[in-house]
Amino acid sequence: MYVNRWIETHAHIRPNKVALIDRVSGVSFTYLDLHRSSHVQAYRLASLGVQAGDRVAVYSQNRPEILELLLACGLLGACLVPLNWRLTPQELEKIVADCQPKLTFVEPGLPGGEGLQAHSIFELQTVPAEPVALPRVTPETPLAIFYTGGTTGVPKGAVLTHKSMQANAWNTIGGWGLSPEDIAPIFTPMFHTGGLNVVATPLFCLGGTLVLPGNFDPAKSLEIIEQEKCTFVFLVPTMYEMLRQAPGFSRSRVAHVRKWISGGAPCPKTLFEAYWGEGIPLIQGYGLTEAGPNTFGVSFEDAQKRSGTVGVPLPGIEVKLSDSEGKEVPVGTAGELHVRGDHVMSGYWNKPNETAQVLEDGWLATGDLAYRDADGFYYICGRRKEMFISGGENVFPAEIEEVVLTHPNVAEVAVVGVPHPKWGEVGRAYLVLKQPAEHNEAELVEHLQKTLAKYKVPKEYVVMDSLPKSAAGKVLKRMLMENQEAGAAAR
Amino acid sequence: MFERSFSFAGIPLLAVSQDGRPRPTVLFYHGLHTDKDTHRRELESLAQRGFLALGVDAAGHGGRRMPDLSGFVNRGPLLQQVAKLLRPTLAEVPLLLDFLEAEGYGPFGICGISFGGLLSYAAAHYDARLGSVVAILADPSWCHPYEHVAAYERVRLFAWNGGADQHVSAEPARHFVAHLQSTFPAGHYDYRVYPESDHFMRPEDWEDGWSRTLSWFEAGLL
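Here the protein sequences come in this chain order: A and B.
Residue 157 in numbering that gives the first Met the number 0 is what sits at position 158 of the first sequence, and the numbering runs on without skipping anything.
Residue 149 in numbering that gives the first Met the number 0 is what sits at position 150 of the second sequence, and the numbering runs on without skipping anything.
Please keep in mind that the hints were generated in silico from the structure rather than gathered at the bench.
Glycine is no exception: its CB is placed at the ideal position from the N, C-alpha and C atoms.
Do not take every clue at face value.
[Claimed, not checked] One-sided and incomplete, this derived list gives chain A residues near chain B with beta-carbon spacing under 8 Å:
1. R22
2. G25
3. D32
4. P107
5. G108
6. H118
7. S119
8. F121
9. E122
10. Q124
11. P127
12. F248
13. S249
14. S251
Construct all of the structure, not just a fragment, from the sequences and the given hints.
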């Protein structure tokens, strides 16, 4: 039932199967190795005073030690808190104050970690590892806390238990059709659930192989995918764009990859089409830290046939769409996406009020708007809080952004609703342009009017050098708005 | 020559032998701040004599190197810090031998230089499967070998040092070998000092010591 049982079982049944390849150090671990090393690390943590119920924080790039620590925490009934190394010291301070780790490990030299009261992650190997009796771990024992909230404000720690990570693994294996022969590189940082739980823990559950390639470099990453004969790739859209432009990128080099999934942020249709044009079956994933994250699954055929769909719920997941009064909406109508299942977090760490706002009767209110077609396929429209009303019509920024990106001179876009004296709210588009000197706003508006209803076409345009983004690659719209408001106030 | 870099239980290894088939095996441990690849020449010469030579990256070194190893080593008394690396490395020796034994390799010897020599002294009484031991440029005192003298009765031990070594005194090794020779007269123990060599040995002394090392393992393991 528990996460550590996966490793133990594989260590007995297929001890020599490679579980993990660290391309940075050249070291690989079989399942037997991982079973042993997770126990050794658990004994080391115990000798440093870690007990059941404690938190252990880690501030490191993707390294085998993070996975060992996760498993070691699992054995001890402790809880791993991977810290985001893209946060400011002040933001990290808030998280540490919230979760109060018994121990923190940092990767020396990784900027931003200097202020943490911490041990070197490299020196963990020098700590004595005297075997200790391991406590009883229940399905409800917290195993990891992922801090989220980069796009909405104060970080909240989503608590994932053994049960929720087990359920996510089973849902993913069943819904996405993972196999023990799958080999997946982990490019996204493991301080996000995307790095640890989209592929890594499901593959450990199944006995597959993970590859830690080090920092994302498009050319190097392409080489690693090719050399390790990876079969499953998960990246955020920005990485997909960079990978596609890596020298020598071609389908023939990556033909062994049978599943390509984009997640972390909405993927522009133009990017899908670019991959599809190469004969690469890229599909859109959807998930969230508080649930799994994996929630939907879709075949490549349906992804092509039903543009923009994230598919159908994975096995073990209930889904409903509700209006603002909590009533379920009919087919074709957007409502807030709610999910229920064992994969859902147990709550936000130390935040009962925030937990109560999103969890009721096991249903997690995702804050995302979605609609369902008559065949049961779901489509994400955007964040509920991002939706604005213009002249009485609901407007979903994600829909507009998709269209703006079809303009040849637009590299990136973020649309938000801003107050308007006549329409209540109108769209404002923040643009990053490929050739700023060639920008023609009237021509862009004309382009949009061909596809969008007039009330959806943004009324204001702001050209920027780049858009502020979270570590997961999501555009920080709140920051855009704040900066704009601050600028307006200053003027 | 068969050569393969791989890892077992997270321990980076370099195996060199004539053909990769099971055969008598020598674990080889490098010095401080170096790694399993540093002594490739010595590994190859062991392989040419018919052994599987298995170079091992110690904790904190090579494939699992601490980026701040120098800082770590200098953070306290040298031997105290070095022991923090030696102990986990020593704890891995039985794991490695289990693995090799299961694959049909053996009998086993161990050879180490300086930091690796310290490890070799300790491993000799830590795992009874190590029948032949060569400790080079090392002082056995760190692992309190006199408290484990009985365990050395079955071990063939050859130690050699530089007489002009400013870092590692030759005397403790000489004294310990002499003690074993007097305690177990039927045992196989040898000691050699190269008076003009310091910690970085004169090439001719190294060649002589290494040639005797090869012969020592041949006599003990083949």
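Hint check results:
1. R22: 11 Å, violated
2. G25: OK, holds: G25/A within 8 Å of chain B, min 5 Å.
3. D32: 4 Å, holds
4. P107: 5 Å, holds
5. G108: 6 Å, holds
6. H118: Violated: closest Cβ of chain B sits about 11 Å from H118/A, beyond 8 Å.
7. S119: 7 Å, holds
8. F121: Holds, about 4 Å.
9. E122: Because about 6 Å separates E122/A from the closest Cβ in chain B, which is inside the 8 Å limit, the hint holds.
10. Q124: 5 Å, holds
11. P127: 7 Å, holds
12. F248: 29 Å, violated
13. S249: 30 Å, violated
14. S251: 29 Å, violated
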